[in-house]
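Trainee: Following the hints, put chains B and C in place on chain A, whose structure we already have.
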Amino acid sequence: MTVATADTPAGHEGHHEHVHYTSTGLENRKIAIWALIGSECMLFASLISTYLIYKGRSKVGPFPHEWSCKTSNVVGKTAELVAGCAPADVLKPILDIPVTSQSTFVLLMSSLAMVLALAAVENKGHPLPTGAGWWDRCLASSKFWLMATAVMGVAFIGYQSYEFTSFVHEGLTIKTNLFGSSFFTLTGFHGAHVSVGVLWLLTLFAIDVKRGLKGKNDVLLVDICALYWHFVDVVWIAIFTLIYLIQ
Amino acid sequence: MSDHNAAAHDHVEHPTWKQYKWVGFWLLVITAIEVWVYYTPFKDSKLFAPTLLLMSAVKFAVVVFYYMHLKYDHPLFKRLFAMGLGIAICTMFALLFLFGALKIGG
Amino acid sequence: MATTAAPAPINTPAGTSYAPGEATGIWSWLTTVDHKRIGTLYLWTALTFFIVAGIEAFIIRLQLMKPNNQLVSAEMYNQLFTMHGTTMVFLVIMPLSAAFFNYLIPLQIGARDVAFPRLNAFSYWVYLFGGIFMTVPIFFNVAPNGGWFGYAPLTTMQFSGGLNIDFWVIGLQILGVSSLAAAFNFITTIINMRAPGMSLMRMPIFTWMSFVVQFLLILAFPAITIALFFLQFDRFFGTQFYEIAAGADPLLWQHLFWVFGHPEVYILILPAFGLVSEILPTFSKKPLFGYNVMVYSGIMIGFLGFGVWAHHMFAVGMGATADTIFAMATLLIGIPTGVKIFNWVATMWGGNIRFTVAMKFAISLVALFTIGGISGVMHSSPPTDLQQTDTYFIVAHFHYVLFGGSIMGIMGGIYFYYPKIFGRYMSEKLGNWHFWSFFVGMNMTFFPMHYAGMLGMPRRIYTYDIGQGWEQFNLWSTVGALLQGVGLICFVYNFVKSRKRGEVAPNDAWGAGTLEWSIPSPPPDYNFAKIPYVTSRYPLWDIKQPEMTAELTHTAPDAGVIADAHAVPMHEETQYYTAKSLGIPMPFPTIKPLFAALFMVLMMAGLVFIHLDLFWVAIFVMIGSGAAFVGSLYGWLTSPLE
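Residue numbers (the numbering used here), protein chains in the order written: chain A, 2 to 248; chain B, 5 to 110; chain C, 29 to 670.
These are calculated hints, taken from the structure and not from any lab test.
Do not take every clue at face value.
[Stated by the list, open to error] With the C-beta cut set under 8 Å, the calculated list includes, among others, these residues of chain B facing chain C:
id: 1; residue: Thr20
id: 2; residue: Leu80
id: 3; residue: Met87
id: 4; residue: Leu99
id: 5; residue: Leu100
id: 6; residue: Leu106
Note that CB positions come from ideal geometry on N, CA and C, so glycine has one too.
If we strip away everything but chain A, and leave its shape as in the complex, we get (with noise of 0.2 Å):
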């Protein structure tokens, strides 16, 4: 019989989910990650000051939510404000609400997912209702909903690559003016955190294939992985709005 386990380092993986005592009642891992999100929201914070702080700085276009010339120093907010600029030199404004507000849409929907996925995880053990028809089967399966949050986060990096890519057709690279550096500097470090969420879902995903997620240590992994992935759609709506509506 092992004797103080009690105080050894808590969140250890052990193959017996013994009691570790804590100041608190609390799992360390969680302590960390809600310490992690404090310390991102500054991170986000100084990106999105910056974006913010040079809006309407920009000396050449293309420009978020205005219409500009390359050829002269119109801007403006219709297009008949550049109607004698040649039609080779209109910059017309990049951001394209209608797509982003889809990839918006993706993205809130995948915390849903998330959420299944965890809830998956925490009644995994629990029989199923008498009568469970399909549905409630799939509610019940963590693969699927890790698998569907996943891809909806790889969704959304698709939007992104897609987004960016036709910005660099359109002239605007993070090269070329104030606006281009920040906007990619704060989506990019954005994505950066979607990618890595992703493949932290590809792995739990991954171990659910091979041991299966139950009992309160995974659903430890499970939830630090949603409360990230959550946070990161938090910060997306705080960049869609102050980003692509607000002008």
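Mentor: Same frame as chain A, but now just chains B and C:
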């Protein structure tokens, strides 16, 4: 911070599929409204930005409190998050003010 | 439950700097995940960098000793003061604090290790490799040369086209990872791994100050991370963040840097404050005066520290409103700091003072930091600061607070905790030589700088002409530096030789009151054979000198809590056992954190090849190391801790 003992107490409440579904629904609806409003003349009014910010704040709060479980979890997590978010928002406002990017003030 | 037979203690020759039964040899150090070993590694490495930065300072002082000196070129001078500052801040003071965080925090709260032992090792190796990455360039004349604060646009490619700033930018990003990882570790440890009865308001002040520092770290580093990414992207990928011609704001860097930079200086001083708060009560034979206030003032300093950053920018023209707000906030932050000074004095007042070397260092912090604080208050007024900024008056101020404050406090901590770490005392005689050389030398060097600054001597100039009234002051400063050098030699000799030849130390080397002194010196790898529960903030005094804590309220934790933690009443442990005989599972030593650190650093360092016109080498190194990094990370995360 009380000296709780080891057993991580089971969460008091577990939101159900219904609640999650409602949260998801409202997220979609609010986003749809935001995008729709973008295409109306309201876009050019002074209230556009504050309204949008308010709607986004609601979405933000709803994801944080329900999906991230902050409403039901130990107060410690609220404090860790509030600290980060609070300092981040204050710093952002201060920076925007200092760079003259706020429509009000210096 | 309890083992059936009492484990047999190990017989040990006294005074070994390894606990008996501990693995020895290089491999045991490379694979360690033990917080005490990691703390020791930080200590040795940081002291080595201290010597390096000290030599850089010494050359600076030789160059400035007389007007129109030609000892070093202007370019080399730029590298010297940049590296002196960068090294002292990021490779000396922060890691020395980290050494103490690592060594002491688990012991002071009654834990067996930190929350994430492998992440802890990772933090150290990243620091070591990052520190080497940033230090080696000076031997090739390409050391960072843009000041420790690297203002853009000076540091953009247009004005700093060489490799120097690349090493700086990438090096700081690497070190940021180290500090951030450690901060998450310690926050979790302090929140979640305290022994029963160790409420937050019973933690030793060192642990409290360290706790505040971890929050400063996680909230301040993101700002500089972003500022550095912007600079990195400008330099390597042609972005426009700091390109004035593209409309960039020349103040963006400054604001982002100082949003980090100001909390950073509190990161530099609070651990030293914590150490002093352990030393003074011990050698005054009195509990710390005003414990609650000391905690709250520490928290206030941390919180307010986020609101004062632009006082580093009073001369850039932010406007009256901004200047006023930041001036007021800066004045405000002097209050909790001043309160601490009074509390330390009150702690000593009426006490039975023992003037050990550690005590002398601690008292000197109280005095010297006050001097630095006074000049600091002067800077907080924008009109006054307009004269003082960018002069040697500022150099005087920050050396009083950083040397007179952080370094003196940390030195006190080293003398105080050396017996615990190495099992032997340092020589008091050599220590006195060290202390007095440092104390007199430091004042000789930095006090005249107030005058030189007042007479207009600017910062960062590599030489100056005659007839401005600066010669005498510079000469004094250099003589003082010589004296400090003598002190440093005494210290290094003392530190190295005392490991084998110092007087053997018992578990309670000084008659102190906190948990770390209740276990053997050096502590066994499992720290506590039995976790004690505590009933006051001086648990060791409670059992050894109860008259000291008679006036504190004592409450025991719930019996249920005690049982869950398998804790026992407070006791002293003087015997060594093996973890195995006690049934305590220990984490496996592993090389994985070292590899992960190495590959991560290589991945980030590979970028430099782009500026050497070796684009494909850069790609190969970055992607290859990146893959190896991810691989070692997977290996680490999927292997059990213990």
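Trainee: Taking the hints in turn, state whether each one holds.
Mentor: Outcome of the hint check:
Interface restraint check: B:Thr20 against chain C, minimum CB-CB distance 30 Å, threshold 8 Å, status violated. Interface hint at B:Leu80: satisfied, since its Cβ lies 7 Å from the closest Cβ of chain C, which is below the 8 Å cut-off. Interface hint at B:Met87: satisfied, since its Cβ lies 7 Å from the closest Cβ of chain C, which is below the 8 Å cut-off. Because the beta carbon of B:Leu99 sits about 6 Å from the nearest beta carbon in chain C, less than 8 Å, this interface hint is met.
Nearest Cβ of chain C to the Cβ of B:Leu100: about 11 Å, over the 8 Å cut. The hint is violated. With a cut of 8 Å, the hint placing B:Leu106 at the interface with chain C is violated, because the nearest CB-to-CB distance is about 12 Å.
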